[in-house]
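FYI, the UniProt record's numbering numbers position 170 of the sequence shown as 170, with every residue one higher than the one before it.
In case anyone wonders, no lab produced these hints; they're calculated from the structure. Possibly wrong hints are sitting among the right ones.
[To be verified] Think about it this way: if two alpha-carbon atoms lie no more than 30 Å apart in a straight line, the pair counts; the simulated DSS-like pairs of lysine-lysine are:
hint : residue 1 : residue 2
1    : Lys232    : Lys374
2    : Lys116    : Lys105
3    : Lys116    : Lys74
4    : Lys105    : Lys353
5    : Lys74     : Lys105
6    : Lys374    : Lys116
[Stated by the list, open to error] Across the chosen pairs, the derived CB separations fall in these ranges:
hint : residue 1 : residue 2 : range
7    : Arg162    : Pro329    : 38 to 44 Å
8    : Glu156    : Ala44     : 44 to 50 Å
9    : Glu332    : Gln144    : 41 to 47 Å
Glycine residues also receive a C-beta, built at the ideal position from the N, C-alpha and C atoms.
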Amino acid sequence: MSDHPTQPAGDVRQVAVIGAGIIGLCSALWLQRAGHRVTLIDQAQPGLGTSFGNAGLFADYARLPFTSFSLLCKMPAMLLDAQSPVSVQPSYLPQLMPYGWHFFKACFPSRYRRGKQALTALQELAPAADRSLLALTGTESLVQSHGCLGLFSSTEGFAQARTQGLRERREQGVELEFLSATQVQQLEPNLNGFHAGGVYYPRTRHTVSPVALSRALFTHFCDQDGRFVQQKVDSIHADADAVELRCGLQQLRFDRLVIATGAASKALAGQCGVRVPLVSERGYHLTLDLPSDTLTRPVGWLDQGIFLTPMSDGIRVAGTAEFAACQAPPDERRSALMHTHADRMLGRHTQVKSSWMGSRPSTPDSLPVIGTLKAQPRVTLAFGHGHLGLTLAAITGQLVCQLISDQPTDIDLTPFAPERFA
Numbered sequence: 001m002s003d004h005p006t007q008p009a010g011d012v013r014q015v016a017v018i019g020a021g022i023i024g025l026c027s028a029l030w031l032q033r034a035g036h037r038v039t040l041i042d043q044a045q046p047g048l049g050t051s052f053g054n055a056g057l058f059a060d061y062a063r064l065p066f067t068s069f070s071l072l073c074k075m076p077a078m079l080l081d082a083q084s085p086v087s088v089q090p091s092y093l094p095q096l097m098p099y100g101w102h103f104f105k106a107c108f109p110s111r112y113r114r115g116k117q118a119l120t121a122l123q124e125l126a127p128a129a130d131r132s133l134l135a136l137t138g139t140e141s142l143v144q145s146h147g148c149l150g151l152f153s154s155t156e157g158f159a160q161a162r163t164q165g166l167r168e169r170r171e172q173g174v175e176l177e178f179l180s181a182t183q184v185q186q187l188e189p190n191l192n193g194f195h196a197g198g199v200y201y202p203r204t205r206h207t208v209s210p211v212a213l214s215r216a217l218f219t220h221f222c223d224q225d226g227r228f229v230q231q232k233v234d235s236i237h238a239d240a241d242a243v244e245l246r247c248g249l250q251q252l253r254f255d256r257l258v259i260a261t262g263a264a265s266k267a268l269a270g271q272c273g274v275r276v277p278l279v280s281e282r283g284y285h286l287t288l289d290l291p292s293d294t295l296t297r298p299v300g301w302l303d304q305g306i307f308l309t310p311m312s313d314g315i316r317v318a319g320t321a322e323f324a325a326c327q328a329p330p331d332e333r334r335s336a337l338m339h340t341h342a343d344r345m346l347g348r349h350t351q352v353k354s355s356w357m358g359s360r361p362s363t364p365d366s367l368p369v370i371g372t373l374k375a376q377p378r379v380t381l382a383f384g385h386g387h388l389g390l391t392l393a394a395i396t397g398q399l400v401c402q403l404i405s406d407q408p409t410d411i412d413l414t415p416f417a418p419e420r421f422a
């Protein structure tokens, strides 16, 4: 992948990017770098949505779709277990029906293999895209390269992972090392002995502040004459000549449109004639009142679905998967359970400085939606990254720029096509 700016193939275009989270910001920066005139639109300030609350990992190792019949068989027991990292709000079940059907279809081995290949193709390009944007915006200091740990409760669970998911990742070219409990303790002496060892990913990076990173990207965008409109987009009308957006009393007209509004993208895509079975998979985070140097790197307790990440304002505890409406009140039981797990990981009672809840945009096949609409060629979609928004933001932005600049994309985007669920 070239590290040089993508140049527009034709005239400079007026492009609107709806959504000022990490995907929208990276898309706007790549488009701006290529010479297009870009307007970023969001009803909130940049970086304050789901991008604000992630675990901070550039999870280079995450190349396996969640779709598998073995997971499907385990799901009923997981949902009945109050201690499980997965939960469903009962009132949200009707909205999960289309998602569940497509999830089931994605579990077939041939589709799983295709999904794995597609995720790997994105992941292989992601680090170079990250480096380009970090250098462009002068934000390298916000990202640290100390690897990360994924730990297991039992020797049986660790052994099973070594012959299954971890073996698959190694076959995909992911660099990883198996560590004993003693070796883990040497790397992270402040961890409690709750585990039986785990896996170390030496190339994984993390940001010390997701919100500071988003703000720095936005500042660079504005400094380069980017335009920001803080409004809710009420309607979209696209035809052969242009795309028109109604934002309150404003009527805005553009050559091209990018929809990158995370879990809110489903409704906007629907206005453009595409139905995507996107659902809200809520995650929580707590900030513990501990020094950042309590840990050197992110540490995951994989059985419980949480990560501890050292950040500039303390230790962040992030994780869980709660399928629930975006606007539903937080379930305090999820936060309390995470806090209990974090205390066990650290072997001490900790104080919580702050808490947060947000909605990941989850697709049934674990693949993001990246592509230009066949029926509306002025509209490009970029959402549905699930747990990998930060990880895949820069490469998604570069691919979006290539699409809008009418250039060949660095990878085949067929697996990510918006129409694949039709």
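- Query: Taking each numbered hint in turn, which are not upheld by the structure, reported in ascending numerical order?
  - Reply: Result: hints 4 and 9 break, sorted rising.
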